[in-house]
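Here is what each chain is made of, one letter per residue.
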Amino acid sequence: MLFRYLLLLLILLPVKSFALIEVDITRGNLSPLPIAVSPLSIDEKSRENFKKILKKENIGSEISAIVENNLKQSGLFNPLNKDAFLQNADIANLKPRFEDWNLIKAQALITGKVTLVDEKLRVEFRLWDVLAGKEMVALAFTTVPSNWRRVGHIITDKVYERLTGESGYFDTRIIYVAEEGPKTKRIKKLAIMDQDGFNNKFLTLGNELVLTPRFNPTNQMVTYLSYFRNLPRVYLLDIETGMQEVVGDFPGMTFAPRFSPDGKKIIMSFAKDGNSDIYTMDLENRIVERITNHPSIDTSPSYSPDGKYITFNSDRSKHQQIYVMNSNGKNVKRISFGNGLYGTPVWSPRGDLIAFTKLHKGKFYIGVMRADGTGERLLTENFYQEAPSWSPNGRVLIFYRETKTNSAGEGFSAKLWSIDLTGYNEKLVKTETDASDPSWSSLLSN
Amino acid sequence: MILSKILKNGFLILVASLVLSACATQKTTTTMGQMQGDVYTGTDSVEYLASGVPDRVFFATNETVLTTASRETLRKQAAWLRKNSGVNVVLEGHADERGTREYNLALGERRANSAKDYLMTYGISSDRISVLSYGKERPVDSGSNPLAWSKNRRSVTVKAN
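Protein chains in written order, with this note's numbering: chain Z, 1 to 446; chain U, 447 to 607.
Chain U on its own, in the form it takes in the complex (with noise of 0.2 Å):
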């Protein structure tokens, strides 16, 4: 809903919204149940390592906290490495454009370290894992609104060899 409107009255609204999701108190469910908080629980960018095993992890606005459904999914990738001990992985840590460039390569690295940590607490080494922090400059969705700023603020998981 809140989506049709910012496609109909433009930034305005926009600028409305991102209000309201800057607030860190504010939990509403918004943009067709593609958004819990702000962040994204889509399915729309995301790939698979292998059947079942989500590539990636998302977060919000300025945050580098785990969601109990990025923990899940990190438990499925560490599984996954744990069989496949042969593969090693690059955490690409990202920013929404809504931040400074480099404040957002930081931002980035810490949220690609924070998938990382996760993935250590569960068996797998620190030398099969990199880190990669790309901050705003590879965004999945060009869009400025709320949703497509939550696509963007991620961590994903490439296979690395």
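Excised from the complex, chain Z in its bound form (with noise of 0.2 Å):
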């Protein structure tokens, strides 16, 4: 709980009834806003219908709590008691008594409305500026009963957006490698969830060795390593058909997959003769191209947003160290020069930062530093863990960490974690298994 003292809000309320709040998600320890999610009110007939539907005995109250959630895991929002509501759903969706909410000690609040209409599930809902008395977001949109859980994550990034002033990341999905199985036998299957950890599906039934899928920027397509007939491959999936081919004809391992930002290209390693090099493919003309030509072995490749840059994790330097080149492979610099080693560096969708893992004495870090290297900042330290990946507003990254109860390697898991850039907000994400390897999609609304 130490998170929520811990956290980073900047709440502005000046005097003048036009200024609206604010919370600033770029600085610590301030407390999260209170604010107020009314249950979004069903009229009697809508609410049968979602029953019979969806079986859900009051589909408003779920996707409320589902938005409840969202703020909740965020670190920047203290949503408030219910019970403590003094007005009904209904009558506040319609016109909020702002004495009753400031009472309780929102600042802010949401109200809304549910209906069936024509098979469909509308939905309205509005945030409100409790002190000042005023509306600041009022929308509404229908989509089809089966996607009542992605109206939750809708809304949570339109307050968060408002709010924050930067898109959110919560109508969005994680990628990730689910494990069962003693270590030295795991069984490794691609799985995919709701962000918050809901409508989990297994993409491969967990026959071959999975590892490292990465989300397209830029539609549902995955890129991920396969042990298929025991031969290391890059593949290309499109999660909506289950459509699958190999990455391009390369003879021997290729591996460390990611997308360009643009979602046209691959890079990743390709391995052969005891060295690893990077390399591109164009998936619309299947042009290959040979991006870095050194004995040494040079991996994980990421692309800027930009697509000017790649930044990737070499030992030419003898050891594993971080470095970026342009996106045609020249102009070469080592950019980490701290203790230790540097790997997995992935660049931020906003740009100016690149998170890394770091080893040093026995120890991993997860980290971020500037483009250029400076500016290092260890965000958190464990016996094990590794691979950030961003959400798409570059504002937290998940990651995973293997804990054991002992050196003799018992109690052995697995997990999937989440933290502020800011280092604070440190978070378990639930899986139905043991996880590893997540990767954050974009916004799905977008």
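For the record, the hints were derived by calculation from the structure and aren't laboratory data. All residues carry an ideal CB built from backbone N, CA and C; glycine is no exception. Heads up, some of the hints might be wrong.
Calculated lysine-lysine pairs in the BS3-like style (CA-CA distance at most 27 Å, straight line) [as the list claims (entries may be wrong)]:
{"no.": "1", "chain 1": "Z", "residue 1": "K201", "chain 2": "Z", "residue 2": "K430"}
{"no.": "2", "chain 1": "Z", "residue 1": "K185", "chain 2": "U", "residue 2": "K605"}
{"no.": "3", "chain 1": "U", "residue 1": "K605", "chain 2": "Z", "residue 2": "K183"}
{"no.": "4", "chain 1": "Z", "residue 1": "K45", "chain 2": "U", "residue 2": "K522"}
{"no.": "5", "chain 1": "U", "residue 1": "K529", "chain 2": "Z", "residue 2": "K333"}
Beyond 10 Å from chain U on every Cβ pair, some chain Z residues (computed) [to be verified]:
{"no.": "6", "residue": "S46"}
{"no.": "7", "residue": "K95"}
{"no.": "8", "residue": "E161"}
{"no.": "9", "residue": "R186"}
{"no.": "10", "residue": "V288"}
{"no.": "11", "residue": "N293"}
{"no.": "12", "residue": "K333"}
{"no.": "13", "residue": "E376"}
{"no.": "14", "residue": "R377"}
{"no.": "15", "residue": "A387"}
{"no.": "16", "residue": "D434"}
Taking beta-carbon pairs under 8 Å as the criterion, some of the chain U residues facing chain Z (in silico) [to be verified]:
{"no.": "17", "residue": "R517"}
{"no.": "18", "residue": "E518"}
{"no.": "19", "residue": "T546"}
{"no.": "20", "residue": "Y549"}
{"no.": "21", "residue": "E583"}
{"no.": "22", "residue": "R584"}
{"no.": "23", "residue": "G589"}
{"no.": "24", "residue": "S590"}
{"no.": "25", "residue": "N591"}
Using the hints, put the two chains back together into the complex; each one sits in its own frame.
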């Protein structure tokens, strides 16, 4: 619970009534914004119909609970206990009595309504500044009822966007590797779930080893490494259709794939005769380009969001370090100079930072540095953890951590964790099984 | 002796011994004579292609060079392969858990290739040898201690047919 008191809120509530609430997400050490999420009101007929379709007693409350959980998990908001609410949901949606909400110390209020119209779920919601007594957002949209969880995520994104001034990350999915079995014979499957852990689905059966799935930032394609027929190769998978194909025709192991920011290329390593170099393949014309040509190990490439640069790790200076080069492979510069080894560099979607894994004195750290290597900041330290992936707004990192109860390796488990860029709000991301290698999708509703 | 300390005091000691073993100049024989420097010299996980022909060689942390003992093992394998010319092999390269997944895939590939190169200098055609890296995905010992890691840093010669 410590994170609550460490969190990063700056609430600006000047006297003038048109000045509305803002949440500053760039700093630490302030308390989360008290927000009241009034259950979405629902008429009796819609409630009965939704109950038939979705097997949920009250879909209005269910959607509100998603919003509430998202806001709480972000660490930026403190959703207030519903028992204290004085106004009924249906009336609050029409005209909130701000004195009542003020009384329970809510600074922001979300109200709304859900109905079934022509077999579709129609939702409208409003975000209110309680002190100013003003509406901040009002929005209505319609979707198929089975999308009800996404409705909660989209509402959260709109609220987050309005209060922080940055785009949200709630209507997103995580692709990852689900793990089971002893460490010596680990079974790994591709799996995908909503950002909040719901709607988990396994995409492979576990017959072959799979590693490092990564989303295409522009669509629902995924690239990953599979040991299908004991030939480790980079694959391209369409998660909507289940179609997949090998990427390129390389005479050896390809690995460490990622998409370019425009989604049109895959960048990866190809290992041959004991040497790994970085290559790209254009997904439209299938042209393969060699980007590095060096006797060292060059791997874990990641593009800058403008596509002009590539960060990667290499042991060309004897030990594993992080480098940046132009996207054509020219102008290679080492950027990590701290103590220890540096790996898995991944460029923030905002472009300003590179997240990495650092190994130093038997500990693993997740950290960030600027693209020129300055401003290194370690966010979290543990016995074993790696592979950060950015939320689409570049504010949160998801990674995985392995734990054991003793040095003999007993009690082994692997889990996903998330942490804010500020270094606060570290949280376990719940998964049905053990999990590793998470990759965060772009916003689905964009 | 270090091992018993690890078991008693857990990760704190483990980290301390790790620092020692990570230091390249430190050459100590440790862990009940099963390691030289930090290269595994025991027989715990070793299997045999034929009598007297061990199937695997071991490496130092982050290293891909073959030790004297590894070269001896590979010469035995080469002799056996020359006698059994119908047998093809896969060299499976592995790393310990203390590295990032992708770098370790590259490291395993490089380890298997240094074994392959050595077999080739002893007359085994590259057509008979394929290479497969598992990185840190298939440890033989699931422990998190210097001895377990030393067993996992390996290249294993497996009959392919």
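Quiz item: Hey, does the U:E583 contact hint survive, CB to chain Z under 8 Å?
Solution: Since the shortest Cβ distance to chain Z is 6 Å, the answer is holds.
Quiz item: Would you say Z:K333 is clear of chain U, with no C-beta pair closer than or equal to 10 Å?
Solution: With a cut-off of 10 Å, Z:K333 remains clear of chain U, as the shortest Cβ separation is near 19 Å.
Quiz item: Would you say Z:S46 is clear of chain U, with no C-beta pair closer than or equal to 10 Å?
Solution: Since the minimum Cβ distance to chain U is about 49 Å, Z:S46 lies beyond 10 Å and the statement holds.
Quiz item: Holds or violated: are the alpha carbons of Z:K185 and U:K605 at most 27 Å from each other?
Solution: This hinted pair holds, its Cα atoms lying about 20 Å apart.
Self-check item: Assertion that Z:K95 lies farther than 10 Å from chain U (Cβ)
Solution: holds, 56 Å
Quiz prompt | Restraint check for U:K529 with Z:K333, where alpha carbons must lie at most 27 Å apart | solution = Roughly 50 Å separates the two Cα atoms, so the pair is violated.
Quiz item: Taking only the CA atoms, is the gap from Z:K201 to Z:K430 under or equal to 27 Å?
Solution: holds, 14 Å
Practice problem: Report holds if the minimum CB distance from Z:V288 to chain U is greater than 10 Å, and violated otherwise. | Solution: Non-interface label on Z:V288 holds, nearest chain U Cβ at 19 Å vs cutoff 10 Å.
Self-check item: Assertion that Z:E161 lies outside the chain U interface [Cβ separation over 10 Å]
Solution: Consistent with the label, Z:E161 stays out of reach of chain U, its closest Cβ about 34 Å off (over 10 Å).
Self-check item: Reported absence of Z:E376 from the contact zone with chain U (all CB gaps over 10 Å)
Solution: holds, 17 Å
Quiz item: Between Z:K45 and U:K522, does the CA-CA distance stay at or below 27 Å?
Solution: Status violated; Cα separation ~81 Å.
Quiz item: Does the claim that Z:R186 lies off the interface hold, with its Cβ farther than 10 Å from every Cβ of chain U?
Solution: Given a closest Cβ separation of 7 Å, the condition is violated.
When the structure is compared with the earlier hints, violations turn up for hints 4, 5, 9, 15, 17 and 18 and for no others.
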